[in-house]
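Protein chains in written order, with the numbering used here: chain A, 1 to 668; chain B, 669 to 978.
Mixed in with the good hints there might be a few duds.
Said to hold, decoys possible - DEER-style ranges, computed between Cβ atoms: (1) Pro6/A x Gly904/B: 33 to 39 Å; (2) Ser653/A x Ala975/B: 39 to 45 Å; (3) Gly713/B x Ser653/A: 36 to 42 Å; (4) Arg781/B x Ala614/A: 35 to 41 Å; (5) Ala791/B x Ser59/A: 41 to 47 Å; (6) Asp928/B x Glu607/A: 21 to 27 Å; (7) Gly904/B x Ala40/A: 54 to 60 Å.
Keep in mind that the hints were calculated from the coordinates and are not lab data. If you're wondering where the values come from, they're calculated on a predicted model, not measured in any experiment. Ideal placement from N, C-alpha and C gives every residue a C-beta, glycine not left out.
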Amino acid sequence: MPVKMPPLLAAIGLAFWGWASGLLLPALVLAVVIESPRIAKARWSFDAKDFERVADLCSIAFLVLMAWQWFGSRNGPAGLIVVLTWLPFIFIAILLMQRFDVRNATPLSALFWSLRRRRVEGVPRSLPLDYPFFGLCLVSAACANQRSPWFFGGLLLLAGYALYPLRAEGRRLGVWGLALGCALALAYGMQVGILRAQEQVESFVMDYLRDRVFGRADPFRTHTAIGDVGRVKLSDRILFRVAGAKALPLKLRDGTFNVYAHDSWFAQGASFRSVPPQGTSSWVIGEGDGPALQISAWLTRGRAMLPLPPGVYRLDGLNVGRVEANAFGSVRVSEGPSLILFSARMDGARERDGAPEGADLQVPKRLEPALMQALAEAGGQGQPPTEVAANITRFFQERFAYTLKLQSADGSRRTLEHFLLDDRRGHCEYFASAATLLLRASGIPARYATGYVVEEWSPIERQFVVRARHAHAWALAWIDGRWREVDATPTGWFAAEAEAEPAWRPAADLLSWLGFSFQRWRVSGDESDEGFSTLWLLAIIPLAAWVAWRVTRRNRVRTASTVASVDAVSGASPIEPLLERLEALGFRRPAATAVRPWLQSLPLPMELQPAAAAVAHGYARWRFDPASIDSSTESTLRTQAIDLAQKIEAEASNTRDDSTQRHGAALS
Amino acid sequence: MDLQSLHRRIAANVESVVLGQSATVRKLVAALVSGGHVLLEDFPGTGKTTLAKALARSIAAEFKRVQFTPDLLPSDIVGVSIYSPQSSQFAFHPGPVFTHLLLADEINRASPRTQSALLEAMAEGQVSVDGTRHVLPELFFVVATQNPVEFHGTYPLPEAQMDRFALKLSLGYVSAEQEVEMLTAQNAKHPLERIAPVASVDDVLAARRSLANVRVADAVKRYAVDLVAATRTATGVTLGASPRASIALMKLAQALAAFDGEEFVSPEHVQEIAVEAIAHRIVLERNRSFAGASPAAVVEEIVKSVAVPV
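Isolated chain A, as found in the complex (with noise of 0.2 Å):
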């Protein structure tokens, strides 16, 4: 069947890609060449070996100028989205070829090495390639990346020119303009959801990196993301769950840094001690009494920072081998299982950090003024601490903004001045850094500190479950001999980060979940747990199920086939005592001859050769016939092949007992 095809395809698919790679001019010269064959008469009759070998020029070509754009060029792997936009240029050689052949198609040979193998006489299979060409066309213009809704448009109207000749026969051509819109906004949604999948992925790997290679786990450094631009986003995964939290929000802490520098915070001289354990899973951090919280925390490579309530001074129940702690109040475990699951007992009345130092109260000499003004601004100076710490939190609260969507005015990297005195919009990072040295300017000492918050209620898993974006930072401040809170970022932040949550989350909340119950489970080893025993069955019963329908199915079925196998050969063949006597006899069936032939050819006397007959006659049916016989036909066949064999038999001891050759010679 030919192919329908409109009329200049390729040409205007070389011209929609010429538009969209800026390569117009070349774009337009070859699309003159390509339609040249319709004023030149000129044509070769070329065979499918030529077309092969241009395909494979074309194809090392091809090959090439990936390997030079990757490795010899500047470009790097990015550039092999180059040499995509430069397909259309790179395989012209082919369809100009296919142009000029007497047949203007291309064998599929040259296409697909699988066909070269093995070669068929007569005409090759073939096909001519425009479509193709044009199809190569628009994926090099979507490769130009150009992204302006003219692309989308010249798409549509593209496909639609393309795809107008085949459409099926008889339909309304407003069915079929329908289908091919629906089919159109198709495509834009998917490539719409591609696109938000990518961010997910990005994100997500981002996170990665930031727990698992980078991590948290350095109690000595936090990185800020001051500085930079774009959006901030955190996922929704489930770092830590927490139950028998009273006041809320409670916030858990794993680390505590004093010294800012280059948008970092380091902990300057808080090297860690270990914790002595107290029996087999109980650390005493220091003296006190108050309530517990469990917490269950996931370890990586079996060490992390454990996020902290406020005046803890015992951990119950961690099973890890080793537990330090340092002056500014940072407890680190290593050794330890994939996952924790503690009581951290609190004390609220005691202080056990380290008194403040002299690092407490310095303040880069680059940020002074910056601080000075905004300090004149939130005003209170000489009033008591706590006076200056609720100024300094009521200046951010009704001042500034929570974002996570952050710009600068020129592109450049932002700043904590720029925050603290134009743009003043920032997430947790900027408020708790910028909180912390004002306290520091106004001559209070107060450390950054990081953490989580505790505030998300799982009514699935019945406790405080705390997300990777429930990360925050705050600032500690030496006021009345205590180290307190404050938190100046702007109370709306919550909601922010809980905002575009995705429709997946209560799936991958329960898949979480069920995933923490296994390894608790395993962790423990406590098959007591309730809940997740009749979880566990509940899964195993339709397995229990599935499987032993399996195997009873499959002992039905060998049974069937057992019974199959003895109908076709019916057990015992009812003239096998006949058999096994001319056996004795020295008459042998030779493998191919059929059983009815051989017992009538067999030399026996003239009185037996009827009722062999009949035997041979009878089997064949039998055999052959099984739905022509009844049971009752089988059993006569029984009895007369019995009785033919004791016939044989006594005619044969007759001859030898009468030493006569009269039989003999017929049963020899």
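Fit chain B to the supplied structure of chain A, relying on the hints for placement.
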């Protein structure tokens, strides 16, 4: 009329003319009722044409004979459209192929083109002339003859076309007694002129339809397939028999079983017809042919070696 009595009548009629060939006649009638065509290959004068004619006379059917010659054209067989000045139209003049029984005498003397025209008609049951389809009668039975000794001026049938024949039969020389009898019979009047039809076209067609009632057990089908498949792996064979051979073998065996008055096929029926139904479809290696091996001997060997179902 059932298959058994149809066979009896036709066989009796034909054997009154062609003496001492009852086994061959049985197979020929089997081909007639199973819907296959027959190639008779034997030396000149052994009675090929007489056999075909006797069969034709035994059935009240239209009979035509074409003597194949090198200058015979396809239109001489299938027919030709001729312009009629009276009606100012082309009128189709059917060729000899539009008949019930066709004797294609010395088929290997005509050019391959003409042979193909006949073989196409045999395979399709129809001919196309000037783009118009003309359907052949429902009963269309071809008996082709060829001479195995004379090769000058012949075009041997290609292997692919040999496959179109269900059977290749040879008559062979009869015994001296029968030849004497033959002379006696010929003395007065040619026996061919004495015989009268014993069956009608409808009888044959009804017999063809009733062939499907003859049951074939799976084991027997498997045996037939095993025989055919063995030709594909046998040593010295370049081209084995096709599944078409298996189908022909089964149908012919059904006919033979019905001739014996049985309602089912047994392996011995398959064995009886195996050589004639398979041998002409296989091609031996060149050096094996020169060494004197024949396809028939190869198939006989296979029949003797493949185990029958018990």
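Original post:
Range hint 35 to 41 Å: satisfied by the CB atoms of arginine 781/B and alanine 614/A?
Top reply: 57 Å, violated
**OP:** Check the following: the C-beta atoms of alanine 791/B and serine 59/A are separated by a distance inside 41 to 47 Å.
**Re:** 45 Å, holds
Subject >> glycine 904/B paired with alanine 40/A, Cβ distance criterion 54 to 60 Å >> reply: Hint holds: Cβ distance 58 Å, inside 54 to 60 Å.
**OP:** Return holds or violated for the Cβ distance of aspartate 928/B and glutamate 607/A against the range 21 to 27 Å.
**Re:** 24 Å, holds
**OP:** Determine whether the Cβ-Cβ distance between serine 653/A and alanine 975/B falls within the hinted range of 39 to 45 Å.
**Re:** At 32 Å between Cβs, range violated.
Subject >> Hint check for serine 653/A and glycine 713/B - Cβ pair distance inside 36 to 42 Å >> reply: 56 Å Cβ-Cβ, so the 36 to 42 Å window is violated.
**OP:** Return holds or violated for the Cβ distance of proline 6/A and glycine 904/B against the range 33 to 39 Å.
**Re:** 59 Å, violated
When held up to the earlier numbered hints, the structure conflicts with 1, 2, 3 and 4 and fits the remainder.
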